Amino acid sequence: MSGAAPALDPGSAVSPSVAALRSRFPGAIRRHQVSCGDTMVYVAPERAHQILTWLRDDPGQRFDYLTDITAVEYRDRERALEVVWQLRSLARKADLRLKVELDRGSRLEVDSVYDLWKGADWLERETFDMFGIRFRGHPDLRRILMWETYAEGFPLRKDFPLRGHFSRAEQTRQALAANPEAHYSLEELSIAAAYEELPADMKERLARGERGAVS
Amino acid sequence: MSTRTLEVELGTPGLDPAGRPITVPLGVPAYQPPQDDMGSEHMLINIGPQHPATHGVLRLVIELDGETVIRVVPHIGYLHSGFEKLGEYRHYNQIVPLTDRTDYLSPMANNVCLALAAEKLMGIEITERCQVLRVIACEISRIISHLVWLGTTGIDLGAFTPFLWCFYQRERLYNLQEAWTGARLTTSLTRIGGLMADVPEGFDVGLREFCRTFPKTLDEVDAMFTRNAIWCGRTQGVGVIGGPEAINYSLSGPMLRASGVDYDVRKDRPYLGYQDYSFDVPVGEHGDVYDRYRVRLEEMYQSTRILEQALDRLDRLAGAPINVADPRLILPSKSRAMSDMEAMIFHFKQVMEGVKAPVGEAYLGIENPKGELGYYFVSDGTAKPVRWRIRPPSFLNLACLPRLCEGVLLSDVIAINASIDIVMGEIDR
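Chains V and U supply the protein sequences, listed in that same order. If you read the first sequence in the numbering used here, its first letter stands for residue 1428, the second for the next number, and so on. If you read the second sequence in the numbering used here, its first letter stands for residue 1307, the second for the next number, and so on.
Because the hints were derived from the structure by calculation, they are not lab data. Because the structure is a prediction, the values reported are computed rather than measured. Treat each hint with caution, since some may be false.
As the list claims (entries may be wrong) - Covered stretches of chain U (chain V as the covering partner; in silico rule of three or more C-beta atoms under 8 Å from a C-beta of chain V):
id, segment
1, 1385-1394
2, 1546-1560
3, 1592-1602
4, 1665-1679
5, 1717-1724
All residues carry an ideal CB built from backbone N, CA and C; glycine is no exception.
So that you can see chain V by itself, here it is in the shape it has in the complex:
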């Protein structure tokens, strides 16, 4: 604020990982920035998983701790959505923020990093729930904070009004009309003993593999 340097200063204190990334993945690193001392690297969406794998496993990087996954949508409607991975190396005490930009015209999808970090499970589910960004390869990409039958869209998107898309009357009507089956996920209903008591159409849906396999 008062007399402070502008927050974006590309010159100062760039994480050494950036140079390593540029030499290891030429072409996949789109740009990097330093903001408030944090380094962020923009990479090509289709290479993100590969780059994250390398960052985790390379002995010079060892970003073994996934601090956070989230997404950012700007108020500027022209700007792409961003998916953000906050990485940390516990041993080296270093941080790195990796970002990909997803064009609005394209399918909002990136590869899941659940195979690298188990902690990504709920973080990716939440990002999907709030922004509608899909994570390819996530084993159980369901809504997490909103209920499974929630139909109003993705709350943290900028085109989502603060009060929701539906009127209060419509929200109440839907809540009262909710099917009891909505209280259990299909995965849970597929559990053996409960399965026998299900109505025929649900058994059929489960057998079709509609979210959650029948064991």
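Starting from the known structure of chain V, fit chain U onto it as the hints suggest.
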């Protein structure tokens, strides 16, 4: 991981033929996968969302084989309030009250984290007295939160008395907190660049008295639990997770340290001058419920140490300012705003327009009682953030619950869930 044998004195001091107190060795059984049974049906049971042992509105759907847990599916979101969305419509200072309501067991620490993240974004250096007061706020919150955890976990596992001791001590801290902030829960203590208020007169005396007497309660809890056969039997070897796996699951705070990973944000990336305080970071070995209890218990002793040091510093900084000297950031006093034209303009602009942050983004994590709380701001140069992300520690810790509950008994699910120390306001946000 090594197995652990602990000599535990039985509750009734019986004597063996040689006249020594009877002790029993308590071994930790190795994990045994559930046996393949013949033809029995699995059962689906539902715990919560309204259940005292789920510590809030958490719902667990559990697949059981007899009493053995096959699978746990947690359902969250019952307390979802859309804080992150609300934050995008508010000035930075107006977000402070929202943080009270996320982790409502440590509101002051949340306030501090928010102010630090916004100050990082705006490049503000806070005053030394403000730093010390914020350290006090963080450590009071840590003790309050751990006391609630200790008391309720004791109840979950069948011990009622320590709950009363813990809540008595917590009440003493709440009284101090109330004297300082005017609220027991919705503290809204910090402002960007400073604090809402300095501590009132007599606060330091009260806190010193607390620091002097509080460890006695901890000693009593220690005597009650640490070598108690029932407590050890219910907690040792239950919900085990090793260090590398804990890191892979992005656990933080006492959950991570109980698994033997020596990582504390206060030590590894110090903020608020924590590097100048002398305190130890307790680290567990086995990563079970028992070690989480030991870690949290020891953290309360250490927090008391930090508080004492902070009080000494506070004495030295008596009369020093708590807010930065920037009229664009800090509201003028009421009398000045009413009598001085310039002060009134600054007051008006701050209230109506808010404090503008430069274009950029900042992530800042602090060591909250539950783990690493991080706030991530993205700014487009206006007075309201484009994105305010909360990195919720108990959300990530709870995500590990299905893994911790594989193959345990149903009663252990309660112990494991308690040991995670969740607070649903923060998980659902």
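Results of checking the hints against the structure:
1. 1385-1394: Per the Cβ count (5), the hint holds.
2. 1546-1560: Three-residue rule met by the segment 1546-1560 of chain U, so holds; n is 6.
3. 1592-1602: violated (count 0)
4. 1665-1679: The restraint on the segment 1665-1679 of chain U holds, since 7 of its residues have a Cβ under 8 Å from chain V and three suffice.
5. 1717-1724: It is violated: at least three residues are needed, and the segment 1717-1724 of chain U offers just 0 whose Cβ sits closer than 8 Å to chain V.
In summary, the numbered hints that this structure violates are 3 and 5.
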